[in-house]
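Turn these sequences into a full structure, and let the hints steer you where they fit.
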Amino acid sequence: MKPNLILHVIAKFLIPLIILFALYVQFHGDFGPGGGFQAGVIFSAAIILYSLVFGLESGEKIIPHHWLRILASLGVVIYAGVGIESLFLGGNYLDYTILGSNQIAGQHLGILLVELGVGITVAAAMLILFFAFAGRGRE
Amino acid sequence: MGNHISLLLVIVPLIAAPLVAVLPRGRLPWATSFVVSIVCAVFAGMQLWSVLQGGVISYELGGWAPPWGIEYRIDAVNAFVALIVAVIAALTLPYALLSVEQEIPEEKIPTFYSALLLCLTGLLGITQTGDIFNVFVFLEISSLSSYALISLGRSRQAFTSSYQYLIMGTIGATFYLIGVGLLYSQTGTLNMQDMANILPTVLHLNTVITGFTFIMVGIALKLALFPLHLWLPNAYTYAPTVVTVFLAATATKVAVYVMLRILFTIFPQTFTIATPADELFIVAGMAGVIIASVYAIYQKNIKRLLAYSSVAQIGYMALGIGFASTTGLMAALIHLFNHALMKGALFMAIGAIIYRIDSCRLDQIHGLGRAMPWTFGAIIIGGLSLVGVPGTAGFISKWYLVTAALEQSAWIPVAVILIGSLLAVVYVGKLIEALYFKPVTDNGKVVTEAPLMLLVPTWGLALANLYFGLDTDLTVGVAEQAAAILGGMKP
Chain A
756 MKPNLILHVI
766 AKFLIPLIIL
776 FALYVQFHGD
786 FGPGGGFQAG
796 VIFSAAIILY
806 SLVFGLESGE
816 KIIPHHWLRI
826 LASLGVVIYA
836 GVGIESLFLG
846 GNYLDYTILG
856 SNQIAGQHLG
866 ILLVELGVGI
876 TVAAAMLILF
886 FAFAGRGRE
Chain B
21 MGNHISLLLV
31 IVPLIAAPLV
41 AVLPRGRLPW
51 ATSFVVSIVC
61 AVFAGMQLWS
71 VLQGGVISYE
81 LGGWAPPWGI
91 EYRIDAVNAF
101 VALIVAVIAA
111 LTLPYALLSV
121 EQEIPEEKIP
131 TFYSALLLCL
141 TGLLGITQTG
151 DIFNVFVFLE
161 ISSLSSYALI
171 SLGRSRQAFT
181 SSYQYLIMGT
191 IGATFYLIGV
201 GLLYSQTGTL
211 NMQDMANILP
221 TVLHLNTVIT
231 GFTFIMVGIA
241 LKLALFPLHL
251 WLPNAYTYAP
261 TVVTVFLAAT
271 ATKVAVYVML
281 RILFTIFPQT
291 FTIATPADEL
301 FIVAGMAGVI
311 IASVYAIYQK
321 NIKRLLAYSS
331 VAQIGYMALG
341 IGFASTTGLM
351 AALIHLFNHA
361 LMKGALFMAI
371 GAIIYRIDSC
381 RLDQIHGLGR
391 AMPWTFGAII
401 IGGLSLVGVP
411 GTAGFISKWY
421 LVTAALEQSA
431 WIPVAVILIG
441 SLLAVVYVGK
451 LIEALYFKPV
461 TDNGKVVTEA
471 PLMLLVPTWG
481 LALANLYFGL
491 DTDLTVGVAE
501 QAAAILGGMK
511 P
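For the record, the sequence lines run as chains A and B.
Quick note on the numbering used here: the first sequence kicks off at 756 and runs consecutively.
Quick note on the numbering used here: the second sequence kicks off at 21 and runs consecutively.
Just so you know, these hints were derived from the structure itself, not from any lab.
There may be inaccurate statements among the hints.
Stated by the list, open to error - Chain B is faced by these chain A residues, among others (derived, beta-carbon under 8 Å):
#1 759
#2 825
#3 831
#4 838
#5 846
The C-beta atom is built at its ideal place from N, Cα and C for all residues, glycine as well.
Here it is as structure tokens:
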């Protein structure tokens, strides 16, 4: 595709900020508005922007397709795994209280891990969808 | 373990699904799914047993007490439905190995099993949960995965039929959600038990009546109640064989369960009987039985023939619900179980034929009954059960259904049930005539009996049809308890 200087410069400037904002939404989600789903979408938006400006191939080089599949599965496993962990510790499924030394610490850790799982799966799924549609005409 | 079984029933396939998706190609994804399905079947059996012994199981997710947290609440009704779903899954998976290898492209097999496990998660989740919104979540999990599964069928029509189901299914789910929202706005709760306690005080409100209507229509779409069944024949016809077997035996049954819960647990029965809902079920059920059976007779595709027969069978269950009496509900629940057995056996046997000749056209299967005697035997048993011949499971369902109708002196439904059975004789007869009495079409292919991996699960279900036609302790016993829980006040 035709290189466009303005797009390249602006994208290079914006992408790190978008990723930083995604991480903020992800890890500050338990105190402020946000959480895994929003963070995942913002994160994938950074990579989608990169692929739009620098071409689909360079976008796929950042995260190969089979990695996306593994990440999409990993997030679900993290989420469900937190639940299983609280089962092993003697609580009910997804009972975060039991994960920490006191209730607040436990709930905090639990929601953070679960949202991390959500974030990973959502980001990976968004990218899978994008690459699937964007790459349709290629074969 | 104890109560955790009820939770693990949903969580084990949920965790297995993403793991299976990333497994390497080969037979490992199948083996994992198979083990998971066996584990689920064992858990479901243990759960039913403990419910029958000790009453209701209540599980608080995340340790949040109901009605604020999500509660899994299991009594004889949902334990029974969960057992049907889990056992059918455990029988479908051994059958899946060869059939899937033939029908699904190799690179898609891990995702296929992943979607199948997700579908199982969703269906089991619907049966386990005691939260009316959680039902919607699981309904979407099972529906979305079944759209994906249906689209994997080999013919190009699989895409359009999957898309058709997607649209209809989404309308159904949306209607359900709108209904739940309206009920929530008036009761302030999503817990089924809590809602059942609060609803009697707000029943006069139009919002509640509208919510009730939305939910009824939404679930009726999902269970393919005539005339909202239009997605079903295409979906069943063009889906991969294994998917047809699994969905035909489980998906609509779970929707029937949701319907029973809404009509008889959440809403007071005086309300349900006062609305035209029960009469509508009887009318739609009767129309479904007759019209879908007639459609079945004229089909040229054996899968579509059985799909229309499924619509007719759902009509019988709707009749049972519509009678709204204890016997009627028992009949609906017994038929839910028995229909899973007969349609499971029939679709599996048809699948074995498709595995051999790679076609499901009625004029391609002439004379195959002699080449595939075991498969043919299973079709005969399943067919007799569908007709309702004494000694098969189908007879038990129809017996209770007719009893329920006679209790209310509802002569027209009795006549319809009998006519429906006669129509079933015609379409099953057509199948058997083509398989056994028509001369073999000579196209140079030598057809042999289906492999054991396909025959054993098929015959497992076929024999279950005979067993549950003679020994009704499990079906009638559990259905009696379940119907007592649901109530069924109408005499």
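Answer holds if the nearest beta-carbon of chain B is closer than 8 Å to that of residue 831/A; otherwise answer violated. 4 Å, holds
Any CB of chain B closer than 8 Å to the CB of residue 759/A? 36 Å, violated
Please verify that hint: residue 825/A, Cβ, nearest Cβ of chain B, below 8 Å or not. 5 Å, holds
Holds or violated: residue 846/A as interface residue toward chain B, Cβ cutoff 8 Å? 6 Å, holds
Holds or violated: is there a CB of chain B closer than 8 Å to the CB of residue 838/A? 7 Å, holds
Hint violations for this structure: number 1 only, all remaining hints satisfied.
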